[in-house]
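**Q** Each chain, letter by letter, is given below.
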Amino acid sequence: MTALDTVVRIDSADDIVTARQAGRELATRLTFSLTDVTMIATAISEVARNISKYAGRGEIRLGVAQHNGHRALVVQAVDSGPGIADTEQALEDGFSTSSGLGLGLPGSKRLMDDFELQSKLGSGTTVTMWKWLPHGV
Amino acid sequence: MPVPILKQGNFLIASIQAAMSDADAEQLQDDLMNRVGRFRSKGIIVDVTAVDVMDSFAARSLRTIAHMTNLRGAETVVVGIQPEVAFAMVQLGMTFEDVHTALDLEEGLDFLSRRDAGRSPHDRT
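Line by line, the protein sequences are chains A and B. As numbered in this note's numbering, the first sequence has no gaps in its residue numbers, which increase by one up to the final residue, 137. As numbered in this note's numbering, the second sequence has no gaps in its residue numbers, which increase by one up to the final residue, 1125.
Among these hints, one or two may not hold up.
Said to hold, decoys possible - Label-pair restraints from in silico Cβ distances:
1. A:ASP86 x B:VAL1090: 21 to 29 Å
2. A:THR28 x B:GLY1009: 16 to 24 Å
3. A:GLN118 x B:ASP1098: 33 to 41 Å
4. A:GLU92 x B:VAL1090: 13 to 21 Å
5. B:PRO1002 x A:GLN118: 12 to 20 Å
6. A:THR97 x B:ARG1114: 37 to 45 Å
7. A:THR126 x B:ASN1034: 41 to 49 Å
8. A:GLY56 x B:THR1095: 27 to 35 Å
9. B:ALA1050 x A:THR97: 56 to 64 Å
10. A:ASP11 x B:GLY1118: 43 to 51 Å
Claimed, not checked - Facing chain A, according to a computed beta carbon distance under 8 Å, are these residues of chain B, among others:
11. ALA1019
12. SER1021
13. PHE1096
14. GLU1097
These aren't lab readings, by the way, just hints derived from the structure by calculation. All of these numbers come straight from a predicted model, not from anything done at the bench. Backbone N, C-alpha and C fix where the C-beta goes; we use that ideal spot for every residue, glycine too.
Start from the sequences and build out the full structure, keeping to the hints where you can.
**A** Printed below as a string of structure tokens:
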């Protein structure tokens, strides 16, 4: 059961700000603490930048879903760019194929509660991240 | 929206707004480098009080500013990192080990004034 009904198109680096603001609004509405809201917005910023940097375009989808026995805010970053050759390596701190710091994916994983990276060379990448909703929501 | 830069005595103060785009961050690097030369500034304060997300790109831009302007003889202090932003930066794995930081604008100015006063006349030339 997944309803990712908020979609932000990433066509340029300027859309990264729009995506993380959309995430911030949704997380605030779901009564996450300011610390959690900031972690979610930071993780969105990282995966949105990856889309802009490596694939050129794609989208960030946001919503609420059930996952591993939790209700969670879901962030999905989808692109049909070049894909990642070695997804395990991409999750190591400090590994980067660009001039970046190599913190984007491993860092985003630490900022969220669950994280999934699917990629196929030549056909694109999907990153899905979950943050468990505060109790009582 | 470009980051406004104020000149105060020997120092420059740049106040970053919440929604700094990548282009704004790059523009800020150029602007500060130019002004350090034009105003012969000895110190720079980058105020991030209004910044609600410090991702790896923004953090790297600030480190680059600190390193570049240092090569031009100006010291940079980043002030006003909010508690939740600091928390997220640590989780992300970002550190500012090689960048001076201070609690707020007042502490930052204090820090720079002490450093500036500590320079011998010889160093100033």
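**Q** Give a verdict on every hint.
**A** Status of the hints after comparison with the structure:
| no. | hint | verdict |
| --- | --- | --- |
| 1 | A:ASP86 x B:VAL1090: 21 to 29 Å | 27 Å, holds |
| 2 | A:THR28 x B:GLY1009: 16 to 24 Å | 40 Å, violated |
| 3 | A:GLN118 x B:ASP1098: 33 to 41 Å | 36 Å, holds |
| 4 | A:GLU92 x B:VAL1090: 13 to 21 Å | 18 Å, holds |
| 5 | B:PRO1002 x A:GLN118: 12 to 20 Å | 39 Å, violated |
| 6 | A:THR97 x B:ARG1114: 37 to 45 Å | 43 Å, holds |
| 7 | A:THR126 x B:ASN1034: 41 to 49 Å | 42 Å, holds |
| 8 | A:GLY56 x B:THR1095: 27 to 35 Å | 30 Å, holds |
| 9 | B:ALA1050 x A:THR97: 56 to 64 Å | 33 Å, violated |
| 10 | A:ASP11 x B:GLY1118: 43 to 51 Å | 50 Å, holds |
| 11 | ALA1019 | 5 Å, holds |
| 12 | SER1021 | 5 Å, holds |
| 13 | PHE1096 | 13 Å, violated |
| 14 | GLU1097 | 13 Å, violated |
Of the numbered hints listed earlier, those contradicted by the structure are 2, 5, 9, 13 and 14.
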